[in-house]
Amino acid sequence: MARSTFLIFATVPILLEVKLPLYPRQQKTDKPAKSGDANRTSIQNPALNDAGGSSARQARTAKRNESRETQTKILDAAEALFIETGYSATSFRAIAKHAGVNLSAAHYHFGSKEGLFGAALHRRVEPLTRTREANLDRLEATAATPTVNEVIRGYLGPLCDVAPDSPLPSLIARLYGEPDSVQQPFVIQEFSATAERFLSLLRKALPEVPPEVVQWRFHFVIGSMIFLLSHERPLILFGPHDAAVDGLEQLIDFATTSLSAPVSENTAASTSSDSEAS
0 MARSTFLIFA
10 TVPILLEVKL
20 PLYPRQQKTD
30 KPAKSGDANR
40 TSIQNPALND
50 AGGSSARQAR
60 TAKRNESRET
70 QTKILDAAEA
80 LFIETGYSAT
90 SFRAIAKHAG
100 VNLSAAHYHF
110 GSKEGLFGAA
120 LHRRVEPLTR
130 TREANLDRLE
140 ATAATPTVNE
150 VIRGYLGPLC
160 DVAPDSPLPS
170 LIARLYGEPD
180 SVQQPFVIQE
190 FSATAERFLS
200 LLRKALPEVP
210 PEVVQWRFHF
220 VIGSMIFLLS
230 HERPLILFGP
240 HDAAVDGLEQ
250 LIDFATTSLS
260 APVSENTAAS
270 TSSDSEAS
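Once you know that position 127 of the sequence shown is 126 in numbering that gives the first Met the number 0, the rest is easy, because the numbers rise by one and skip nothing.
Just so you know, these hints were derived from the structure itself, not from any lab. Some hints could be false.
Okay, derived cross-link-like pairs now, DMTMM-like style, lysine to aspartate or glutamate, Cα gap no bigger than 25 Å in a straight line [as the list claims (entries may be wrong)]:
hint, residue 1, residue 2
1, Lys96, Glu177
2, Lys96, Glu65
3, Lys72, Glu83
4, Lys112, Glu65
5, Lys112, Glu83
6, Lys112, Glu132
7, Lys112, Asp75
8, Lys203, Glu248
9, Lys72, Glu113
10, Lys203, Glu264
11, Lys72, Glu189
12, Lys112, Glu125
13, Lys96, Glu113
14, Lys96, Asp75
15, Lys72, Glu125
16, Lys96, Glu83
17, Lys112, Glu177
18, Lys203, Asp245
19, Lys203, Glu139
20, Lys96, Glu68
21, Lys112, Glu189
22, Lys112, Asp179
23, Lys203, Asp252
Across the chosen pairs, the derived CB separations fall in these ranges [claimed, not checked]:
hint, residue 1, residue 2, range
24, Glu68, Ala162, 48 to 56 Å
25, Ile225, Glu83, 26 to 34 Å
26, Phe253, Asp179, 31 to 39 Å
27, Glu211, Asp136, 21 to 29 Å
28, Asp160, Ser103, 33 to 41 Å
29, Ala143, Ser103, 55 to 63 Å
30, Glu211, Glu68, 46 to 54 Å
31, His230, Gln183, 17 to 25 Å
32, Ser257, Ser191, 34 to 42 Å
For each residue, glycine too, the CB sits at the ideal point set by N, CA and C.
Please take these sequences and the hints and turn them into a complete structure.
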């Protein structure tokens, strides 16, 4: 707005010098207006052009802001309902009602319930993914092969940066509780690429462990992570616990030891049988 005001005032001396009024009166004439008259008037009165352009820009900015606010309301509502009732039990109409918008607005911004859930999930997962990818880039750039603990810390550590009141843990836990037909497309979209890179580093760090065994062990680590996201404290069946103990650090130690454990004869035999069968 300040720039627009400056431009308007900057044009005043020019207008005064050529003795043109800011808002010229239209002359009565019997002649039909020529197509170029409007253009000439606009050229002769840059103040009018600038004022009109400023109003148009303000209107476009206001519309964009309103659109973003509507999208945020819909995403917040979808997130809350997905966590509370799950994907299958949440309708598009219920989300629109919870957000205080009409159904057509929800369809306009996100297309479908699937598209909306994907957007809600990506909004929360994307910062976590960025941190994990930065850790991967750093680990992959080192000359020496990273240790198992370094790889696992690179994968699980970013969860420490998640705000205590963030809905991300509940959203991920709810996602993995959905049927495979629901969860798999979202899991592949949001987590598969980074998980594959971490798995590759783990296999390099554990050359003595068969690749299939490393994959299964990493699978169990991810399962433990999901359980930790769902249950921040140890199960009540174990009785009282020390609230000061960091569950994530416990998981990192557990994962490092489990991944590095020797392969039992039974597991080795099972792995060999599977390889021969394939």
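Hints, one by one, checked against the model:
1. Restraint check: the Cα-Cα separation between Lys96 and Glu177 comes to about 23 Å, which is no more than 25 Å; the hinted pair holds.
2. A threshold of 25 Å between alpha carbons decides the hint, and for Lys96 with Glu65 the separation of about 18 Å falls inside it, so the pair holds.
3. Between Lys72 and Glu83 the CA atoms are separated by roughly 17 Å; this keeps the pair inside 25 Å, and the hint holds.
4. Between Lys112 and Glu65 the CA atoms are separated by roughly 21 Å; this keeps the pair inside 25 Å, and the hint holds.
5. For the hint pairing Lys112 with Glu83, the CA-to-CA distance comes to about 16 Å; that is within 25 Å, so the pair holds.
6. For the suggested pair Lys112 and Glu132, the alpha carbons sit about 28 Å apart, so the restraint of at most 25 Å is broken.
7. A threshold of 25 Å between alpha carbons decides the hint, and for Lys112 with Asp75 the separation of about 14 Å falls inside it, so the pair holds.
8. Taking the CA atoms of Lys203 and Glu248, the gap is about 23 Å. The hint holds against a cut of 25 Å.
9. For the hint pairing Lys72 with Glu113, the CA-to-CA distance comes to about 17 Å; that is within 25 Å, so the pair holds.
10. With a C-alpha separation of about 22 Å, the suggested pair Lys203 and Glu264 falls inside the 25 Å cut-off, and the hint holds.
11. With a C-alpha separation of about 22 Å, the suggested pair Lys72 and Glu189 falls inside the 25 Å cut-off, and the hint holds.
12. Simply put, Lys112 and Glu125 have alpha-carbon atoms about 19 Å apart, close enough for the 25 Å limit, and the pair holds.
13. In summary, the hint linking Lys96 to Glu113 is supported, as the alpha carbons are separated by about 17 Å, within the 25 Å threshold.
14. Between Lys96 and Asp75 the alpha-carbon distance is near 12 Å, which keeps this suggested pair within the 25 Å criterion.
15. With a C-alpha separation of about 19 Å, the suggested pairing of Lys72 with Glu125 holds against the 25 Å cut-off.
16. For the hint linking Lys96 to Glu83, the alpha-carbon distance of about 15 Å falls within 25 Å, and the restraint holds.
17. Between the alpha carbons of Lys112 and Glu177 the distance comes to roughly 15 Å, so the proposed pair stays at or under 25 Å and holds.
18. Taking the CA atoms of Lys203 and Asp245, the gap is near 28 Å; set against the 25 Å cutoff, the hint is violated.
19. The hinted pair formed by Lys203 and Glu139 meets the criterion: a straight-line CA distance of about 11 Å does not exceed 25 Å.
20. Using a Cα cut-off of 25 Å, the hinted pair Lys96 and Glu68 holds, with the two alpha carbons roughly 16 Å apart.
21. The straight-line distance between the Cα atoms of Lys112 and Glu189 is roughly 17 Å, inside the 25 Å bound, and the hint therefore holds.
22. Distance restraint check for Lys112 and Asp179: the Cα-Cα separation of roughly 17 Å lies within the 25 Å cut-off, and the hinted pair is therefore satisfied.
23. The hinted pair formed by Lys203 and Asp252 meets the criterion: a straight-line CA distance of about 19 Å does not exceed 25 Å.
24. At roughly 22 Å, the beta-carbon separation of Glu68 and Ala162 lies outside the given 48 to 56 Å, and the hint is violated.
25. For Ile225 and Glu83, the hinted distance range of 26 to 34 Å is not satisfied, since their beta carbons lie about 18 Å from each other.
26. A hinted range of 31 to 39 Å for the beta carbons of Phe253 and Asp179 is inconsistent with their spacing of about 26 Å.
27. Look at Glu211 against Asp136: about 27 Å separates their beta carbons, and that is inside 21 to 29 Å.
28. In this structure the hint that Asp160 and Ser103 lie 33 to 41 Å apart at CB holds, the actual value being about 38 Å.
29. Evaluation of the 55 to 63 Å hint for Ala143 and Ser103 yields a pass: the beta carbon distance comes to about 57 Å.
30. A hinted range of 46 to 54 Å for the beta carbons of Glu211 and Glu68 is consistent with their spacing of about 50 Å.
31. Evaluation of the 17 to 25 Å hint for His230 and Gln183 yields a pass: the beta carbon distance comes to about 23 Å.
32. One distance hint, 34 to 42 Å for the beta-carbon pair Ser257 and Ser191, is violated here, with the actual separation near 22 Å.
Against the hints set out earlier in the document, violations occur for numbers 6, 18, 24, 25, 26, 32.
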